[in-house]
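Participant: Listed here are the chains, written in short residue letters.
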Amino acid sequence: KQEVTQIPAALSVPEGENLVLNCSFTDSAIYNLQWFRQDPGKGLTSLLLIQSSQREQTSGRLNASLDKSSGRSTLYIAASQPGDSATYLCAFFLSNDYKLSFGAGTTVTVRA
Amino acid sequence: GAGVSQSPSNKVTEKGKDVELRCDPISGHTALYWYRQSLGQGLEFLIYFQGNSAPDKSGLPSDRFSAERTGGSVSTLTIQRTQQEDSAVYLCASSLQRYNEQFFGPGTRLTVL
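Here the protein sequences come in this chain order: A and B. For the first sequence, counting from 1, position 6 maps to 6 in the working numbering; every step adds exactly one. For the second sequence, counting from 1, position 40 maps to 1040 in the working numbering; every step adds exactly one.
Keep in mind that the hints were calculated from the coordinates and are not lab data. Yeah, the Cβ is synthetic: ideal placement off N, Cα and C, and Gly gets one too. Any given hint could be a false lead.
Unchecked claim - The following label-pair restraints were derived from C-beta to C-beta distances: (1) A:12 x B:1040: 30 to 38 Å; (2) B:1080 x A:55: 43 to 51 Å; (3) B:1071 x A:12: 44 to 52 Å; (4) B:1063 x A:82: 45 to 53 Å; (5) B:1087 x A:112: 32 to 40 Å.
As the list claims (entries may be wrong) - Partner residues are not named here, just some residues of chain A that face chain B (Cβ under 10 Å, in silico): (6) 11; (7) 13; (8) 34; (9) 98.
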């Protein structure tokens, strides 16, 4: 079974600091991965999708990288803002599966 | 365009009652998923529909759970004889095809008293 680990579980930073969120997985047969954010009491908002042939993907202040050989993905958020406070989840498709396997998430608090 | 919508947003029911949860996927999306998010736990896959193919029900926790998708669009998740452990947020997602980016609805929060 695919194990997806997100470290740290929680993170608190002052506004303006860069955020680094880590996601590791045990099975290198990754097809695609997706990063989401979830605000309290809300559904998931898709942030970035990295396809298996890609190494990274960027959207505005967000950059996500994928290293299948080491079993890791990292989400960078530049110049954090209080509005970035949320739980961030990574999720993977395995090559032979079509459902996402989710990590437990990292809860981020950006202090004004 | 419109995103994934779910109804109701909240549902409170008594133990033993049946409930129906509805999902309207993004128009044109052939893949539809149901997930469950319980307090303190991660997201758990329940069921997957792809076009007109038979659904993958491998994630359904018991035979009290069932789902259908009519006309390749709207989906209904039914829980019969609800139990307190069914209390959770039920999330629906859709994607253009399988393996594509998944878009989630706001969820239905189910509370079983």
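Participant: Hint by hint, note whether the structure agrees.
Facilitator: Results of checking the hints against the structure:
no. : hint                       : verdict
1   : A:12 x B:1040: 30 to 38 Å  : violated, 20 Å
2   : B:1080 x A:55: 43 to 51 Å  : holds, 47 Å
3   : B:1071 x A:12: 44 to 52 Å  : holds, 47 Å
4   : B:1063 x A:82: 45 to 53 Å  : holds, 46 Å
5   : B:1087 x A:112: 32 to 40 Å : holds, 35 Å
6   : 11                         : violated, 18 Å
7   : 13                         : violated, 24 Å
8   : 34                         : holds, 6 Å
9   : 98                         : holds, 4 Å
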